[in-house]
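Asker: Read off the chains here:
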Amino acid sequence: MDSALIPKGVKRCPTWQFALWIGAAGAVLLWGVIAMLLIWFKGLNQTNMNDSYGFALWIWADLAVIALGGGAFFTGFLRYIVGKDELKNIINYAVLIGFICYSSALLILAIDIGQPLRGWFIFWHANVHSMLTEVAFCLTCYFGVLTIEYVPLILENRQIDKVPFFHRLGHNMHEIMAVFAATGAFLSFFHQGSLGGVSGVLFGRPFAFREGIFIWPWTFFLFTWSAAACGPCFTILITKITEKITGKKLVKQNVIELLAKISGWMIGTYIIAKIIDTWYWAKVTAPAAGFNLMDFYSNNPFYGIWILILEIVICGVVPALILITEKGRKSSAMLMTAIILAVLGACVNRWVMVLQVMAVPVLTFENWAMYYPSWQEVATTILPVAYGVILISLSYRYLPVFPQEQELNPET
Amino acid sequence: MKEEQSKEKAKKFGMVIDLDKCTGCGACMVACMSENNVPFKEDESNKLDSITWLKVYKLTNGKPFPDADICYLPRPCQHCGGKGDHGHSPCVSVCPATATDYSKETGIVSQIYTRCFGCRYCMAACPYHARYFNWWDPVWPEGMEKYLNPNVSVRMRGIVEKCSFCFHRYQIAMDKAYYEDREELEENEYQTACAQACPAKAITFGDLNNPGHAVYELKKDKNAFRLLERLQTNPKVYYLSSREWVRRAGDNYLKDEKK
Chain A
1 MDSALIPKGV
11 KRCPTWQFAL
21 WIGAAGAVLL
31 WGVIAMLLIW
41 FKGLNQTNMN
51 DSYGFALWIW
61 ADLAVIALGG
71 GAFFTGFLRY
81 IVGKDELKNI
91 INYAVLIGFI
101 CYSSALLILA
111 IDIGQPLRGW
121 FIFWHANVHS
131 MLTEVAFCLT
141 CYFGVLTIEY
151 VPLILENRQI
161 DKVPFFHRLG
171 HNMHEIMAVF
181 AATGAFLSFF
191 HQGSLGGVSG
201 VLFGRPFAFR
211 EGIFIWPWTF
221 FLFTWSAAAC
231 GPCFTILITK
241 ITEKITGKKL
251 VKQNVIELLA
261 KISGWMIGTY
271 IIAKIIDTWY
281 WAKVTAPAAG
291 FNLMDFYSNN
301 PFYGIWILIL
311 EIVICGVVPA
321 LILITEKGRK
331 SSAMLMTAII
341 LAVLGACVNR
351 WVMVLQVMAV
361 PVLTFENWAM
371 YYPSWQEVAT
381 TILPVAYGVI
391 LISLSYRYLP
401 VFPQEQELNP
411 ET
Chain V
1 MKEEQSKEKA
11 KKFGMVIDLD
21 KCTGCGACMV
31 ACMSENNVPF
41 KEDESNKLDS
51 ITWLKVYKLT
61 NGKPFPDADI
71 CYLPRPCQHC
81 GGKGDHGHSP
91 CVSVCPATAT
101 DYSKETGIVS
111 QIYTRCFGCR
121 YCMAACPYHA
131 RYFNWWDPVW
141 PEGMEKYLNP
151 NVSVRMRGIV
161 EKCSFCFHRY
171 QIAMDKAYYE
181 DREELEENEY
191 QTACAQACPA
201 KAITFGDLNN
211 PGHAVYELKK
221 DKNAFRLLER
231 LQTNPKVYYL
241 SSREWVRRAG
251 DNYLKDEKK
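As they're listed, the protein sequences go chains A and V.
The numbering used here applies: residue 1 is where the first sequence begins, and numbers increase by one.
The numbering used here applies: residue 1 is where the second sequence begins, and numbers increase by one.
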């Protein structure tokens with residue numbers, strides 16, 4: 001039925017099967033939309049947040065998807081600026097995943113604020129001292145860049161490409177893509193960093209506060225670094241999941257291994273910096289505020305030292321060691337383990353820097369604050385996942401996302 | 001020159017709360033809520049989402065009888081001056097929309113309700129939990145809206161609010177002074193509702209920079225301390241207590257660390 005829209009030389013599932021798939025994802029999306037509307041119309045009382053937990057699941061989801069979406073800017077940087085030509089075979093998908101992550105982040109932010117209609121105040125009444133202001137500006141600009149990077153792919157659709165104007169537009173946009181890749185890398189450095197700064201500057205919260213250079217706490221650099229390190233792992237993970245679902249090899253193994261190798265070295269260097277940061281914070285910064293390291297990891301029902309070990313050792317050191325060794329990259333099981341751990345590591349780091357910050361008591365006569373999300377919060381957090389599944393499915397079906405697909409899956 | 005002049009005239013309103021006098025009666029909380037049109041819920045049992053600009057904490061020394069001791073600690077917004085007293089208090093510096101501001105003229109941290117868009121970053125930044133979010137629109141029991149204070153705007157759902165040191169009272173007092181061709185206020189012309197309501201006179205309010213005000217000397221008392229001074233938030237609320245364990249409860253210390 002829709003064969004005229006499907007790229008030439010590739011095979012896609014029947015329309016009814018595709019419709020069923022989209023319908024299932026659409027049902028989840030609808031669930032999220034209902035929760036979103038409830039929140040917009042009834043307010044944030046629909047959540048389980050409270051005055052001790054002003055930042056919760058959504059801010060974590062925001063930080064996590066932006067970190068994981070970092071695969072777009074870093075892969076673009078490697079492809080267009082560093083000149084790793086092999087990555088042209090995965091850059092489209094990295095951009096698409098980044099586009100989904102960043103649009104999701106913006107949507108979650110729009111749900112998260114108490115007065116959504118005043119969201120524009122962040123630009124109009126901008127406070128230059130606030131890390132969140134920098135986040136808002138850079139995030140919005142970078143989303144614009146991602147849109148520009150995604151548009152040429154849409155223009156490559158068989159039917160759209162037939163229109164001479166769109167054909168030439170797409171061609172010309174491809175020609176200058178290095179400029180946007182550089183712009184994206186520049187913007188990403190700042191907003192990824194600013195997101196780290198969001199918690200790092202909180203000098204009233206000893207669990208979060210870090211010293212740094214000029215106005216930037218160390219978390220500024222660590223967040224950028226970890227996004228560049230773990231983002232490509234997320235791109236690989238989603239590629240592998242797509243291959244599993246479609247039952248096809250879509251990207252050649254050498255491309256995956258190259259990205260995994262670079263990611264491994266990035267994770268390795270990041271985790272060394274993270275260990276130094278944690279050590280200095282535990283030995284100098286926190287004690288200056290009257291806290292021992294274990295004060296942050298005891299006397300509560302959830303946050304034990306296990307979370308620090310999980311983040312740094314299991315989800316940091318282990319994937320780095322696997323990915324920097326050729327043997328680790330060549331083994332499919334080891335590679336998958338490493339990229340899942342790396343993705344989990346970024347998510348745990350963001351969780352800790354948002355939710356544990358809120359949980360730790362600062363006044364001596366207050367207790368740990370525990371929180372679990374309401375179904376509305378869960379549904380609106382899953383909403384972007386369903387949206388991502390739909391956009392990836394549509395893009396995969398109608399756009400030439402994977403340049404190597406035809407070669408890897410010759411039609412018999 | 002102009003800056004020097006304004007520095008000389010700059011006021012730094014603050015509080016000294018004598019914890020040895022506080023009985024924990026809660027009159028300050030009631031006065032605060034009434035004065036500032038603070039909304040409340042039908043069921044106030046969940047204190048994590050109810051609004052109390054001034055909250056009275058109950059502290060215990062954790063010892064068994066006969067050494068057991070308690071202390072009530074009223075906690076308004078601390079109106080932090082931030083590191084170096086430059087006005088970069090934890091909340092002011094993080095608000096992305098400049099919806100909370102530090103007045104260099106009065107030292108008061110304000111909240112602009114119509115500009116706040118409810119991101120709650122200020123709440124995350126405040127170690128005192130002095131900031132509250134309006135999870136609901138205010139609903140007043142029938143007829144009670146007639147008793148609302150006309151000098152204080154009511155707040156809508158989705159924004160943050162906090163203690164303002166009854167700033168509207170300062171504005172009214174300044175208007176009166178201007179009308180009477182005066183530039184300065186007498187100490188008793190601007191007082192917060194909580195300070196006036198306290199039956200034990202535990203709360204003293206005034207200009208911390210003015211030697212003529214009681215708080216000027218009180219803050220220098222050997223038993224005076226502020227909450228979480230080590231974080232360099234530089235609060236303008238001082239506490240007095242002759243009890244060492246109470247003073248120690250004001251901040252975090254490493255195990256076996258001497259104050």
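The set of hints was computed from the structure by calculation and includes no laboratory data.
Glycine included, C-beta positions come from ideal geometry on N, C-alpha and C.
Hints are not guaranteed to be accurate.
To be verified - Heads up, simulated BS3-like pairs for lysine-lysine below, C-alpha to C-alpha not over 25 Å straight-line: (1) Lys-201(V) to Lys-283(A); (2) Lys-11(A) to Lys-283(A); (3) Lys-42(A) to Lys-47(V).
Stated by the list, open to error - From chain A, some residues computed to sit far from chain V (all C-beta separations above 10 Å): (4) Leu-44; (5) Met-49; (6) Gly-114; (7) Arg-118; (8) Ala-126; (9) Thr-133; (10) Gly-144; (11) Glu-156; (12) Ile-160; (13) Ile-276; (14) Val-357; (15) Ser-395.
Asker: Against chain V, does Gly-114(A) keep a CB gap of more than 10 Å to every residue?
Answerer: For Gly-114(A), whose nearest Cβ neighbour in chain V is about 2 Å away, the distance does not exceed 10 Å, so it is violated.
Asker: Are all C-beta atoms of chain V more than 10 Å from that of Glu-156(A)?
Answerer: 38 Å, holds
Asker: Please check whether the beta-carbon of Val-357(A) is more than 10 Å away from every beta-carbon in chain V.
Answerer: 7 Å, violated
Asker: Grab the minimum beta-carbon distance between Leu-44(A) and chain V and tell me whether it stays above 10 Å.
Answerer: 6 Å, violated
Asker: With d taken as the least Cβ-Cβ distance between Ser-395(A) and chain V, does d exceed 10 Å?
Answerer: Holds, because the least Cβ-Cβ distance between Ser-395(A) and chain V comes to about 32 Å, which exceeds 10 Å.
Asker: Non-interface claim for Met-49(A): all C-beta distances to chain V beyond 10 Å?
Answerer: 8 Å, violated
Asker: Does Lys-283(A) sit within 25 Å of Lys-11(A), going by the straight-line distance between their CA atoms?
Answerer: 59 Å, violated
Asker: Evaluate the condition: distance from the CB of Ile-160(A) to the nearest CB of chain V exceeds 10 Å.
Answerer: Check passes; 38 Å lies beyond 10 Å.
Asker: Beyond 10 Å on every Cβ pair: is that true for Arg-118(A) relative to chain V?
Answerer: Given a closest Cβ separation of 4 Å, the condition is violated.
Asker: Per the stated criterion, does the least C-beta distance between Thr-133(A) and chain V lie above 10 Å, as a non-interface residue requires?
Answerer: 4 Å, violated
Asker: Is it the case that Gly-144(A) keeps its Cβ farther than 10 Å from each residue Cβ in chain V?
Answerer: 19 Å, holds
Asker: Verify the proposed pairing of Lys-42(A) with Lys-47(V), using a straight-line Cα cut of 25 Å.
Answerer: Answer holds: Lys-42(A) to Lys-47(V) is near 21 Å, not above 25 Å.
Violated hints, in rising order: 1, 2, 4, 5, 6, 7, 8, 9, 14; the structure is consistent with all others.
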